[in-house]
Structure formats: C-alpha cells, structure tokens
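K.L.:
Just so you know, the protein sequences line up as chains B and E, in that order. When the letters of the first sequence are read in order and numbered with the numbering used here, they come out as residues 1 to 289. When the letters of the second sequence are read in order and numbered with the numbering used here, they come out as residues 1 to 351.
Read the hints as simulated data drawn from the structure, not as lab findings. Just so it is clear, CB atoms sit at the ideal spot from N, CA and C, and this is done for glycine as well. Treat the hints loosely; a few may be bogus.
[Unchecked claim] Derived, one-sided and incomplete: chain E residues facing chain B with beta-carbon distance under 10 Å:
no., residue
1, 56
2, 58
3, 69
4, 70
5, 74
6, 78
7, 142
8, 206
9, 210
10, 211
11, 213
12, 214
13, 225
14, 343
15, 350
[What the hints assert, rightly or not] Here are the computed distance ranges between Cβ atoms for each label pair:
no., chain 1, residue 1, chain 2, residue 2, range
16, E, 214, B, 52, 37 to 45 Å
17, B, 140, E, 214, 53 to 61 Å
18, E, 140, B, 85, 42 to 50 Å
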Amino acid sequence: MSSPVQDLSVLHQRREQRLMLVLALPALLVILLLVVLPVGWLAWQSVYHNGFTLENYRRIWSEDIYWRSFALTFQISLLVTLFALLLGYPIAYAASIAPRRWAIVILALVVLPFWTSVLVRAYAWLALLQRTGVINQLLRQFGVIDEPLPLVHNTFGTVVATLHILLPFMVLPLYATMQQIPRDLMQAGASLGAGPMLTFWRIFLPLSLPGVLAGSTLVFVLALGFYITPELLGGGRTIMISMLVSRNVELYDQWGAASAIGVVLLVAVGAIFFAVSRFIPLDRVLGQK
Amino acid sequence: MIASCCRRALLGVSIGAFAALSALPANAQQITFVSQGGAYQKAQTVAILDPSAKKLGITINQDSIPDAWPAIKSQVASGKPTWDVVDVPTGYCLRGGEQGLVEKLDFSKLPNGAAMPEAYRSPYSVAYEFYSSVLAYSQKKFSAGAAPNSWADFWDVKKFPGRRALRNHPIATLEAALMADGVAPDKLYPLDVDRAFKKLEEIKPNITVWWTSGAQSAQLLNDGEVDMVMAWNGRVSALTKEGAKVAFTYNQGILQSTSLCILKDAPNLATAVRFLNEAVDPVHQANLPLHIDYGPANPKAFDTGVIKPERVAQLPSAPENARKQALMSYAWWSSPAGEAAEKRWVGFMQK
Numbered sequence: 001m002s003s004p005v006q007d008l009s010v011l012h013q014r015r016e017q018r019l020m021l022v023l024a025l026p027a028l029l030v031i032l033l034l035v036v037l038p039v040g041w042l043a044w045q046s047v048y049h050n051g052f053t054l055e056n057y058r059r060i061w062s063e064d065i066y067w068r069s070f071a072l073t074f075q076i077s078l079l080v081t082l083f084a085l086l087l088g089y090p091i092a093y094a095a096s097i098a099p100r101r102w103a104i105v106i107l108a109l110v111v112l113p114f115w116t117s118v119l120v121r122a123y124a125w126l127a128l129l130q131r132t133g134v135i136n137q138l139l140r141q142f143g144v145i146d147e148p149l150p151l152v153h154n155t156f157g158t159v160v161a162t163l164h165i166l167l168p169f170m171v172l173p174l175y176a177t178m179q180q181i182p183r184d185l186m187q188a189g190a191s192l193g194a195g196p197m198l199t200f201w202r203i204f205l206p207l208s209l210p211g212v213l214a215g216s217t218l219v220f221v222l223a224l225g226f227y228i229t230p231e232l233l234g235g236g237r238t239i240m241i242s243m244l245v246s247r248n249v250e251l252y253d254q255w256g257a258a259s260a261i262g263v264v265l266l267v268a269v270g271a272i273f274f275a276v277s278r279f280i281p282l283d284r285v286l287g288q289k
Numbered sequence: 001m002i003a004s005c006c007r008r009a010l011l012g013v014s015i016g017a018f019a020a021l022s023a024l025p026a027n028a029q030q031i032t033f034v035s036q037g038g039a040y041q042k043a044q045t046v047a048i049l050d051p052s053a054k055k056l057g058i059t060i061n062q063d064s065i066p067d068a069w070p071a072i073k074s075q076v077a078s079g080k081p082t083w084d085v086v087d088v089p090t091g092y093c094l095r096g097g098e099q100g101l102v103e104k105l106d107f108s109k110l111p112n113g114a115a116m117p118e119a120y121r122s123p124y125s126v127a128y129e130f131y132s133s134v135l136a137y138s139q140k141k142f143s144a145g146a147a148p149n150s151w152a153d154f155w156d157v158k159k160f161p162g163r164r165a166l167r168n169h170p171i172a173t174l175e176a177a178l179m180a181d182g183v184a185p186d187k188l189y190p191l192d193v194d195r196a197f198k199k200l201e202e203i204k205p206n207i208t209v210w211w212t213s214g215a216q217s218a219q220l221l222n223d224g225e226v227d228m229v230m231a232w233n234g235r236v237s238a239l240t241k242e243g244a245k246v247a248f249t250y251n252q253g254i255l256q257s258t259s260l261c262i263l264k265d266a267p268n269l270a271t272a273v274r275f276l277n278e279a280v281d282p283v284h285q286a287n288l289p290l291h292i293d294y295g296p297a298n299p300k301a302f303d304t305g306v307i308k309p310e311r312v313a314q315l316p317s318a319p320e321n322a323r324k325q326a327l328m329s330y331a332w333w334s335s336p337a338g339e340a341a342e343k344r345w346v347g348f349m350q351k
C-alpha cells in the first residue's frame with residue numbers, strides 16, 4: 001500500500017517527535033515541580049486530615065459566609081475587569097496609533113506603577129480618597145460638595161485601587177494585539193467610502209477582540225486573588241475570598257479549610273474558562289500566533 | 001504577607017548561622033525567644049531580655065513574627081521546634097496548651113510567676129506585659145468636658161455624634177458591646193455572645209471602618225477619618241506624643257496581656273524555664289514601661305520604685321487604672337464557646 005519513501009518519512013517524523021519530547025523534558029519537569037505538585041498538594045490537604053474527609057468542602061457548601069465571599073469576589077473582579085477595559089482600551093488605542101516615540105512614553109507611564117509596591121500604592125489611594133484626602137479637600141474647596149464623599153473603606157475604594165494595580169495587565173495585551181492589526185485594512189475600508197467611525201467599528205474593533213479577551217481574562221483572574229487592597233481599603237466589610245483563606249489559617253489554624261477554598265476557586269475559574277471557550281476560541285486568546 | 005515571610009526566613013537563616021557560631025564554645029546556654037518585632041521588641045530587649053541574659057549568663061537569640069500561631073503549630077508538628085520561648089497573646093498559650101503545643105509549667109521552678117495574681121497565669125503561661133483596648137477620641141471633635149467616657153457613650157450616637165471605628169475582631173469588641181449594654185466590667189464572663197452581637201448590630205451602621213492593624217487604628221484617628229475608636233492604649237499615647245489632638249480613657253478599658261509560654265519539646269527547655277522566671281522578675285518588669293507604653297505584668301514591679309508616680313498613672317496595669325477596667329478572660333476565649341464566637345464574627349461582618 002504505502003511506498004518505501006512514505007515509510008521513511010513517517011519514520012523520520014517519529015524520530016523528530018521523540019527528539020522534541022526529549023528537548024521539552026526540562027520544561028515539563030519545571031512545570032511539574034512548580035505547578036502540578038503544589039496544586040496537587042493543595043488538593044490533597046483539602047481532603048486529608050487524619051484520614052480522608054470532605055468536611056472542609058461540606059463547610060464551604062453549608063456556611064453562607066463562603067457563598068457571600070465568593071459572590072462578592074466575583075462581583076468585584078467583574079467590576080474591575082469592566083472598568084479596566086473601559087480605561088485600558090483608549091490608552092492602548094492611543095499608544096497603537098501614536099508615533100513610536102509617543103507610544104513608548106504612554107507605555108512607560110502604564111508600566112511605571114509596576115515599580116512601586118502594591119502596599120505603597122494601596123496606602124497612596126488611602127491618602128487620596130479618605131475624608132481629609134486630596135480629592136475630598138479639592139472638591140470641598142471648589143464648593144462641589146459640603147460633606148466629604150465616602151470614597152474609601154468600602155467597595156468603591158477597593159475597586160479603584162485594584163483597578164489601578166491591574167490596569168497594565170489590560171493595556172499591554174491590548175496594545176500587542178492592536179499593533180498587529182494591518183493599517184492597510186483601515187485604508188482599504190476608507191477607500192471604499194467608510195468614515196473613521198465605521199472603519200473602527202467594522203474593522204479595528206473586531207480585530208482587537210483577542211486582545212480584549214486576553215486582557216480581560218488576565219485582569220479578572222488576578223483580581224480574584226487580591227488580598228492587600230480589600231484588606232486596607234475595604235473598611236473591613238469587603239471580605240474577599242483571599243481574606244477568608246488567611247482567616248482560616250490564622251484564626252482557625254485550618255490549612256485544610258484554606259486549601260479547600262483554593263480548590264473551589266480554581267474549579268470555579270476553570271468552569272468559567274470552559275464556558276467561555278465554548279463561545280470563543282481560547283487558544284486565540286491565550287496563545288496568539 | 002510576602003514581605004514578612006521572607007524577612008522571617010532571612011532572620012531564620014541569620015539566627016541559624018549565629019546559633020551555629022555561638023554553639024562553638026562548650027556548653028554555652030542559650031534560648032531562642034520570639035516576639036512581635038518593631039518598637040515593642042526593641043523596648044523589651046533593652047528592658048528585659050538583655051538584663052536577663054546577663055544575669056543568667058545565657059545567650060538569647062531573637063526572632064520576630066507578627067502572628068506566631070501558625071508557626072508554633074507547624075514547628076511543634078514537625079517534631080523539632082527551633083524556638084523555645086514565645087511572647088504571644090495569652091490565648092495562644094492556652095489553646096496551645098490544650099492542643100499539646102505548649103509545655104505545662106512547673107511553678108515551683110518559677111517563684112516570680114508563682115507570686116503573681118492567679119488571674120495573671122495559667123498552667124501553661126505567665127503574663128508578661130499588659131495593654132488595654134480603650135476608648136479613644138479626637139479632642140478636636142469632643143472638648144474635655146463633653147468627651148465620651150464609657151462604651152455606653154460610644155454607642156450613643158445622638159449625644160455623641162461622629163464617626164466611629166472598631167476592631168475587625170471579636171476579642172475585646174464583644175466585651176465593649178456588653179459593657180455598653182450595661183453589664184458590669186467584673187460580670188462579663190461567660191460572655192453573653194447573642195446579647196453582644198445584638199448590641200453590635202445596633203452600632204454597626206455608624207461604624208465607618210473596622211480596622212485590622214493597630215497602626216491603622218491610630219492613623220484613622222489622626223487623619224480625622226473617625227472621631228472615636230476602640231484602640232490599644234500604646235497606639236493612642238504614641239499619637240499624643242507626636243502632638244496629635246487625641247485622648248483616651250481607661251474607664252471600661254479591656255485589660256489584655258501577652259504571656260510567655262514554652263514550646264513543647266523546646267530545644268533548650270531547662271534554660272527556657274530559668275529565663276521565663278527571670279523575665280517576670282519585678283525589676284526587669286519595672287524597666288519595660290520606661291521604654292514603651294505597656295504595663296508590667298508583675299504587680300510587684302510597682303513596688304520597686306523604678307517607675308515614677310506620674311508614669312505609673314499612665315500605665316494600663318497600674319492598680320489605680322486596672323480597677324476601672326475589665327480583665328480579659330483568655331480562658332473563656334479559648335473555650336469552645338469563645339472559639340464559636342470568634343467564628344461567628346465573619347458572618348456578622350458580611351451582613
């Protein structure tokens with residue numbers, strides 16, 4: 001049936017595959033050590049304590065403090081993602097159409113906050129937003145308000161500070177995607193009589209969607225695990241999942257319970273990804289070609 | 001979290017190296033002592049640790065950690081703890097004792113501890129220093145004659161309008177709620193938890209911030225973010241020293257302590273016991289308030305004459321001030337009822 005030449009090429013292909021596998025081994029080992037093992041250990045902790053037990057999961061299921069925290073965490077993460085998109089898109093767009101020199105300036109300003117600690121930035125927001133803070137003082141001076149606005153020690157303050165910290169994670173993937181959109185397409189659109197708005201809506205926006213999804217995914221997942229900002233700017237009411245994890249370790253000294261929360265969060269995020277992937281090809285989002 | 005873990009790891013490494021070096025001279029006795037760091041640990045080093053080390057002829061290695069409980073648990077669970085003596089909130093010693101993480105003390109070897117009031121010690125611990133959860137307020141908002149002076153005043157939002165903050169933790173907060181509801185300071189225990197939470201629901205809409213760290217509580221008052229707060233006395237008096245217009249009252253304060261206890265199977269058990277006795281010696285104890293705003297746990301410290309009368313008046317554990325306050329029962333808080341109350345807190349905060 002098959003010719004000797006074909007056999008040879010199949011053999012050759014197999015050998016190449018094996019070689020690739022050997023070459024990939026160190027990388028796989030690193031993944032095993034740094035990703036698979038810790039997560040596996042986490043999952044094990046959550047079900048094993050002097051024997052197999054589902055107690056930790058039963059508690060999450062039956063006590064409504066966990067439900068409330070999960071709901072609040074997803075709610076805040078969604079809000080942060082939405083605002084990051086609203087703010088990040090114009091920034092990335094501006095950087096992508098600006099002359100190279102300006103693009104560098106814009107991106108540098110976006111990345112600059114990475115150089116300061118999250119903790120410092122949280123305190124900075126406290127100084128800006130509190131009753132006697134800069135913003136309230138200015139508003140009062142200009143007679144906009146009589147009483148200071150409650151800008152911090154609530155969900156609002158938490159969202160603002162988290163948004164500030166996560167914005168670069170939205171802008172950078174967006175910029176990367178936008179940069180790859182061929183400008184010829186817009187010119188082609190214009191040559192067919194479309195105005196700038198129409199070319200944006202019909203050509204640029206759809207082509208930038210992979211960046212939108214990549215950025216949104218990144219911001220959403222990172223926001224789910226935030227700890228310092230809700231702790232400092234939430235006024236004690238914004239109890240996110242991460243805070244329950246720390247409480248379980250510090251207060252109840254139950255590593256199993258803390259691990260179980262981590263596993264549930266992981267599964268929840270995985271489920272969301274799965275659901276999203278049915279509508280949107282995730283490989284395009286996560287690994288752009 | 002990250003910062004503290006790494007600093008601890010670094011400290012651990014340096015202490016390990018130090019221990020290895022100092023182990024070279026034959027039979028030099030040493031212990032590892034763990035406290036909470038910062039200005040507090042510096043003060044006790046000068047006041048208590050250095051003089052004790054000198055008197056006993058031992059080396060005291062130090063480590064510090066803001067929250068020692070998880071570390072104590074994992075150290076003892078590993079079977080080879082590296083720490084000997086810890087200075088922690090008394091409740092940890094009691095809970096640790098119940099869970100077999102802390103050594104039972106033989107008070108015949110601890111004459112200084114045995115001489116202290118019974119309420120200040122447990123089979124596993126000896127009180128080490130006192131602080132108080134007090135009602136503090138802004139003097140800009142409340143003049144001296146019209147300042148809140150009790151937890152009932154704190155709860156009275158009509159007579160004392162203003163913004164308030166409480167600690168995001170049930171310990172001392174439930175006590176304050178019950179006193180606001182009319183329970184006498186010496187009749188608090190066992191706490192009527194339902195009644196306390198009910199009273200807390202009442203004030204909840206008027207709480208601007210539920211603070212999580214001592215520094216935060218002081219900052220809130222200093223920034224004018226709140227007008228009234230439950231805070232630790234040392235934090236408030238630190239503000240006063242910086243010239244802030246704030247004050248506090250010891251009336252109905254909740255007198256709390258940290259205690260010393262020894263980890264189960266501590267590497268230097270005998271030396272640790274000797275140190276523990278020395279650390280509550282009246283003279284060393286009297287030294288502490290000369291360096292920081294915490295009170296000695298050994299009441300005999302007030303008889304040494306080391307602390308000047310005007311200083312005595314400022315200290316939470318001075319007899320005159322202690323009389324106005326409620327003494328926290330760590331035994332109750334580490335009982336099943338206490339732990340249940342602690343667990344109820346998160347649910348209360350979320351509603």
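K.L.:
Determine for every hint whether it applies to the structure shown.
P.N.:
How the hints compare with the structure:
no.: 1; hint: 56; verdict: violated, 33 Å
no.: 2; hint: 58; verdict: violated, 31 Å
no.: 3; hint: 69; verdict: holds, 6 Å
no.: 4; hint: 70; verdict: holds, 6 Å
no.: 5; hint: 74; verdict: holds, 9 Å
no.: 6; hint: 78; verdict: violated, 14 Å
no.: 7; hint: 142; verdict: violated, 17 Å
no.: 8; hint: 206; verdict: violated, 13 Å
no.: 9; hint: 210; verdict: holds, 3 Å
no.: 10; hint: 211; verdict: holds, 7 Å
no.: 11; hint: 213; verdict: holds, 9 Å
no.: 12; hint: 214; verdict: violated, 14 Å
no.: 13; hint: 225; verdict: holds, 5 Å
no.: 14; hint: 343; verdict: holds, 7 Å
no.: 15; hint: 350; verdict: holds, 5 Å
no.: 16; hint: E:214 / B:52: 37 to 45 Å; verdict: holds, 41 Å
no.: 17; hint: B:140 / E:214: 53 to 61 Å; verdict: violated, 30 Å
no.: 18; hint: E:140 / B:85: 42 to 50 Å; verdict: holds, 43 Å
When held up to the earlier numbered hints, the structure conflicts with 1, 2, 6, 7, 8, 12 and 17 and fits the remainder.
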